[in-house]
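Novice: The residues making up each chain are set out below.
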Amino acid sequence: MSERIDPELRGSWTFAIRRYLARQLPLEHLLPERQPAFVRSWTYVFGAITLAALTWVVVSGAVCAFFGPQWWHVSPQGRFFNSLHFWSTQVFFVFMVLHLWAQFFGAGWRDGRALTWVTGVLLFVLSIGTAFTGYLSQENFDSQWIGVNAKDAMNSVGIGAFFNVLNFGQMYGLHVLLLPGALLLFVVVHILLVRMRGVVRPLSERSER
Amino acid sequence: MRGSRRSVDQAAYYAGVRMVPYDLVKELVLALAGTAILVLVLAAVLSSPDVPPVTIQSWAQADPTGFERTAVQELQGQSTSAQYGPPYNHATGSVQSFGFIQPQEWAGVHLPVDPARDFVLQPLQTASAGNPQLASALARYRAASPGQRSSWLDAYAHALDKATVRNGQVVVPPGSYGPMAEMLSNLLTIARSGALDGQLRSSTRFYQTDFTRPLLFLGDGDYFAGLAQEQHLLGSQWGVMNETGSYPGQTWLWLYTMWYQIPPYNASSSADLLVILSMGVLTVALALVPFIPGLRDIPRWIPVHRLIWRGSDR
Amino acid sequence: MDTPATYFHWGFILISVPNGALILGMIALFVTALLAPFPGHRRHHGSEEAPTDE
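Chains as they are written, first to last, in our numbering: chain F, 2 to 210; chain A, -3 to 310; chain X, 4 to 57.
Hint data in this document are derived by calculation from the structure and do not stem from the laboratory. Glycine included, C-beta positions come from ideal geometry on N, C-alpha and C. A portion of the hints provided could be inaccurate.
[Unchecked claim] Computed, partial: chain X to chain F, Cβ under 8 Å:
no.	residue
1	F33
2	V34
3	A39
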């Protein structure tokens, strides 16, 4: 480090963290008003659409969680919000997978962006787990059948008693709190990593990985 | 050089690249508006799948003979649940393993389920209060030797093949079933009334959210699987990615469910374990693509990137 | 929408119309995103984007 540090602040954790953030993530990186000119493909918008769909998943899910499981089966308003939750989830997955395809074919992990890719795959896996517990929490024939079949898969790897897919209370808690919490945390990490490093340069122009 | 300093320093990284105005926030707001309209229209026009759950009651009403046959299998110890193994009991019927990898055995029994007692005898015991005929039938069953019980059960199981249904009750030709006809017709009665659903759920607690026992019982019968087959939900029908009705399912699980359709998975009694192990390896490989030579070079060989960045590298 | 879907069967592949439509739609969207011109700024066929830091 060539930069001079006030000797009194050596060893200050607060200062170290602030200096790190200021260097890694200045506001102009967090909310840049310009992008490289090569950013001119519709494939770049898949990530933003995924994030938008996730927003509606969370909003519709929060409304369903507020009114509780009976509501989304018996009242027309509940059915409608259940439908919003279902379709926003479908849209979320569609665009997440399109985003994955675009990042794969553009080798978006190059030039120090491997961790961004890894957190993206982790988000995909977390989303599958969150959706799975959601399907188990519907309280309809689909949930029953998925539960009865998935129990064999969970039991086969020895986790069936600790992650009991036939236990609605456990699946519902995971679905509305713990898994979305983890998902949103890693969404933040993923987006911060993207903003810290900026978009990757085109694949054909350099030989470096 | 791949130092972290360089990747952090965006100015250096984009040296020589023209920077043009690009409104990320506007993009996100437009995406929010667009997806809102899309999901509002889809929800309003297409609604969502919600096939009502099966209950023990609806099963007993729709298929009384099948219900009694499953109850007999529970008493015989021949149902899927009775022969399952960990985590429900110490049997081995559904234990999966791959060579020395036996996580199901290793995990042990942590959700004890005794199907004969939990699904049949205990509910009948409760129902026998105020029903002396049922109480004496149960007493006779309990006092009988294991050999005697199984001969009654076998005889009744055979009789069910010739059974007819009259007014919702199963009628079997006369035979030496001991107390079986009395016990099973009572079980059918409380099942048809909906009382058995409540008994299987509540156990000794007031509040409850655990449906392990009624779902295991439902899963032992053919009625439940028959409904699933009509909706293409069986594992052998790519059922993991299918949905009831005409809705899209969990299409993102296409690869997971594909393995169940092809050898060696589709012929294995440990298919679940093999598929999960395979998908685990593939998922780790996907996460580590940036580090795996060959895999990380695929985008170089398939020139989709020339379309993404067309015009930018001339 | 609550009537069971039609399914297509080719060899070991069994797929419902809604799932098939969704997957084809995704592929169509991806191809469209690759080919459709991106709005906003015009293309400059100059040398300003050529890498100079190699």
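Novice: Hint by hint, which ones does this structure get wrong, listed from lowest number up?
Specialist: Hint 2 alone not satisfied by this model.
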